[in-house]
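This is what each chain is made of:
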Amino acid sequence: MNFLVCVSKVPDTTAKIAFKDNNTKFSSDGVTYILNPTDEWYALVRALELKEAAGAGKVTVINVGSSENDQYLRKALAIGADDAVLIESADDLEPFYVAKEIANYAKANGYDIVITGKETIDYNSFSVGGMIAEFMDAAFVSQVSKWDMNGTTATLNREIEGGEEVIEVNVPFVISAQKGMAEQRLPNMKGIMMAKSKPLTKLAAVGGDTFVSINKFDEPKPKSAVKLFSVDEVEALVKALHDEAKVI
Amino acid sequence: MIIVYIEAVNGQLKKSSLEVLTYGKKMADKMSSSVAAICLTSCDANAVGEYGVGKLFQVNDDKFNHFDSKAFAKAIGEIFNANGGQILVLPFNQNGKALAPRLSVRLQAGLVNGANALAETSDGFVISKNVFSGKAVANYKIHTEKKIISLASNSIPAVKNPTSCEVVTAATSITAADFSTKYIKSELVSGDIPLSEADLVVSAGRGLKGPENWGMIEECAKILGAATACSRAVADVHWRPHHEHVGQTGLAISPNLYIAVGISGAIQHLAGVSSSKTIVVINTDPEAPFFKAADYGIVGDAFEVMPKFNEALRKLKF
Chain W
1 MNFLVCVSKV
11 PDTTAKIAFK
21 DNNTKFSSDG
31 VTYILNPTDE
41 WYALVRALEL
51 KEAAGAGKVT
61 VINVGSSEND
71 QYLRKALAIG
81 ADDAVLIESA
91 DDLEPFYVAK
101 EIANYAKANG
111 YDIVITGKET
121 IDYNSFSVGG
131 MIAEFMDAAF
141 VSQVSKWDMN
151 GTTATLNREI
161 EGGEEVIEVN
171 VPFVISAQKG
181 MAEQRLPNMK
191 GIMMAKSKPL
201 TKLAAVGGDT
211 FVSINKFDEP
221 KPKSAVKLFS
231 VDEVEALVKA
241 LHDEAKVI
Chain F
1 MIIVYIEAVN
11 GQLKKSSLEV
21 LTYGKKMADK
31 MSSSVAAICL
41 TSCDANAVGE
51 YGVGKLFQVN
61 DDKFNHFDSK
71 AFAKAIGEIF
81 NANGGQILVL
91 PFNQNGKALA
101 PRLSVRLQAG
111 LVNGANALAE
121 TSDGFVISKN
131 VFSGKAVANY
141 KIHTEKKIIS
151 LASNSIPAVK
161 NPTSCEVVTA
171 ATSITAADFS
181 TKYIKSELVS
191 GDIPLSEADL
201 VVSAGRGLKG
211 PENWGMIEEC
221 AKILGAATAC
231 SRAVADVHWR
241 PHHEHVGQTG
251 LAISPNLYIA
261 VGISGAIQHL
271 AGVSSSKTIV
281 VINTDPEAPF
291 FKAADYGIVG
301 DAFEVMPKFN
311 EALRKLKF
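Protein chains in written order, with this note's numbering: chain W, 1 to 248; chain F, 1 to 318.
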């Protein structure tokens with residue numbers, strides 16, 4: 001079984017979020033980028049575990065983005081992926097075209113299983129996985145916390161309101177991964193050395209008419225300073241929540 | 001025509017569905033357009049009318065008793081197109097997150113997944129949404145003729161606006177072959193309010209020192225009718241179940257009230273809760289970063305504060 005794992009690069013969780021050009025563009029000045037956590041920790045690691053358990057197949061990581069993104073793909077190779085594909089485009093290509101590129105690659109190269117993280121921590125759109133599935137006319141199961149394979153059938157736990165649902169799905173399918181599916185793997189020195197010689201293919205993106213674009217970014221509304229109450233004023237706090245904030 | 005996709009559990013509309021009905025009605029008024037709802041399972045048409053939507057496309061077909069993103073997206077797309085749909089609104093809940101992207105491709109319609117306000121229509125069609133885990137807001141312009149909005153929960157309150165609701169039985173071409181997944185079972189956390197839908201949330205972290213001390217948190221939640229949540233640290237050591245974990249890698253929530261007890265407020269935790277309307281922080285450490293994101297706070301020991309807090313809540317009205 002061959003697995004195609006989609007990985008994004010995103011600003012580090014602790015990065016300062018700032019904008020430029022009249023707040024129309026994200027400012028990457030001084031920003032450290034990382035692999036998107038749910039892509040790296042859950043989607044990639046679980047695909048590796050399932051490949052190892054099957055004793056056959058391969059895990060390919062794919063990114064649609066700028067030509068410098070090969071460094072993030074090399075990290076995924078160091079964690080254990082077999083090969084990597086970088087489809088070169090602008091870094092802010094909209095989800096529709098990111099998904100279209102990945103779906104085209106998956107179809108042309110016979111991947112029956114495509115995995116993404118549940119969301120990227122930059123634009124929080126939860127979009128690419130479902131779009132890939134629709135382009136492939138495949139099943140899509142989102143926010144999966146448990147994934148086992150038996151032949152070509154997967155058993156999945158997916159999050160629903162107030163609990164989980166267990167479902168089965170046959171290939172071809174796309175899933176988006178979340179916490180619970182696997183544990184983070186750190187690359188070791190052997191992995192890092194081996195990653196340098198693993199294949200990394202670069203292709204060019206096609207793109208198309210704009211579906212959505214970001215006009216402008218805003219800072220979130222500034223919070224007013226916290227109103228502090230002492231341990232002896234708990235009743236006053238409850239009164240404030242009732243009379244002032246009107247939330248209880 | 002604006003069409004909203006709604007969901008019911010045992011015939012009762014979910015809270016997120018009441019919000020998208022309200023949203024659809026408001027957008028229809030704003031754009032001098034009409035609005036209708038699609039429900040693939042049986043639901044209460046009176047409730048649809050109560051929130052201002054006067055037409056319900058109802059599909060009565062047992063095949064839709066279990067969710068399947070592929071079949072559901074195809075059915076919604078068919079009904080949307082057959083009735084001159086221009087704008088589709090879905091809840092940004094677990095099912096909506098799977099459906100909206102599929103429908104974006106199927107209908108060739110630009111999507112804003114997780115919108116937090118009504119669209120601005122003065123210069124194009126622009127919708128805002130939280131990005132960078134609540135650290136900024138992006139204003140998205142949709143360029144396509146057909147448009148899809150999925151609405152983040154608790155972004156707009158559901159508002160009653162009663163009208164009579166006409167029920168139209170809608171047919172789809174969906175057959176068993178369109179379903180790609182097989183339902184096995186569901187595991188629900190019984191008795192609790194689903195965290196993703198809760199208006200009020202009481203959450204606690206390592207400051208509680210051990211799982212045996214959660215009684216006062218559960219009591220507080222019970223008095224308020226709130227859901228319980230926790231930090232990653234305590235879910236990781238199994239003091240609390242994983243489905244309660246809110247934060248970057250857990251659930252992102254935006255309740256009206258979030259009470260954080262004994263949680264320092266690391267940036268990863270804030271990423272999941274910072275869009276809550278009102279935040280109350282109870283922590284022994286005055287330097288805890290959570291106080292910077294809080295509206296109200298008490299610097300104090302949870303073991304001292306919570307019993308008093310619960311007593312005051314009870315006195316207030318419960």
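The set of hints was computed from the structure by calculation and includes no laboratory data. Among these hints, one or two may not hold up.
Claimed, not checked - Calculated pairs, DSBU-like style, for lysine-lysine (alpha carbon to alpha carbon, straight line, at most 30 angstroms):
1. F:Lys-308 x W:Lys-227
2. W:Lys-25 x W:Lys-227
3. F:Lys-141 x W:Lys-223
4. W:Lys-16 x F:Lys-292
5. W:Lys-246 x F:Lys-315
6. F:Lys-308 x W:Lys-107
7. W:Lys-107 x F:Lys-63
What the hints assert, rightly or not - Sample of chain F residues with no beta-carbon within 10 angstroms of chain W, all distances over it, derived:
8. Lys-26
9. Asp-44
10. Gly-52
11. Gly-84
12. Ser-164
13. Val-168
14. Ser-180
15. Leu-195
16. His-245
Yeah, the Cβ is synthetic: ideal placement off N, Cα and C, and Gly gets one too.
Practice prompt. Classify the label on Lys-26 of chain F as holds or violated, using whether its beta-carbon is more than 10 angstroms from each beta-carbon of chain W.
Written response: The assertion about Lys-26 of chain F holds, with a minimum of 21 angstroms to chain W.
Discussion item. If we take the beta carbon of Ser-180 of chain F, is the closest beta carbon in chain W still more than 10 angstroms away?
Written reply: 3 angstroms, violated
Worksheet item: Any Cβ of chain W at or closer than 10 angstroms to Gly-84 of chain F, or is the non-interface label fine?
Response: 21 angstroms, holds
Item to complete: Mind verifying the non-interface call on Asp-44 of chain F? Its CB should be farther than 10 angstroms from each CB in chain W.
Response: 18 angstroms, holds
Practice prompt. Measure nothing beyond the straight line between the CA atoms of Lys-308 of chain F and Lys-107 of chain W; if it is 30 angstroms or shorter, mark the hint as holding.
Written response: 61 angstroms, violated
Discussion item. What's the verdict on Lys-25 of chain W and Lys-227 of chain W, does the C-alpha distance respect the 30 angstroms limit or exceed it?
Written reply: 35 angstroms, violated
Worksheet item: Just checking, Gly-52 of chain F versus chain W, shortest CB gap more than 10 angstroms?
Response: Per Cβ check, Gly-52 of chain F is outside 10 angstroms of chain W; nearest 24 angstroms; holds.
Worksheet item: Far enough from chain W: is every CB of that chain over 10 angstroms from the CB of His-245 of chain F?
Response: 7 angstroms, violated
Discussion item. Between the alpha carbons of Lys-141 of chain F and Lys-223 of chain W, is the straight-line distance 30 angstroms or under?
Written reply: 27 angstroms, holds
Worksheet item: Given the proposed pairing of Lys-16 of chain W with Lys-292 of chain F, does the C-alpha separation stay at or below 30 angstroms?
Response: Distance ~16 angstroms between Lys-16 of chain W and Lys-292 of chain F Cα, so the pair holds.
Fill in: chain W versus Val-168 of chain F - minimum CB to CB distance exceeding 10 angstroms, so not interface
With a cut-off of 10 angstroms, Val-168 of chain F remains clear of chain W, as the shortest Cβ separation is near 26 angstroms.
Fill in: Closest CB of chain W to the CB of Leu-195 of chain F still more than 10 angstroms away
8 angstroms, violated
The structure does not agree with the numbered hints 2, 6, 14, 15 and 16 stated previously, though it agrees with the rest.
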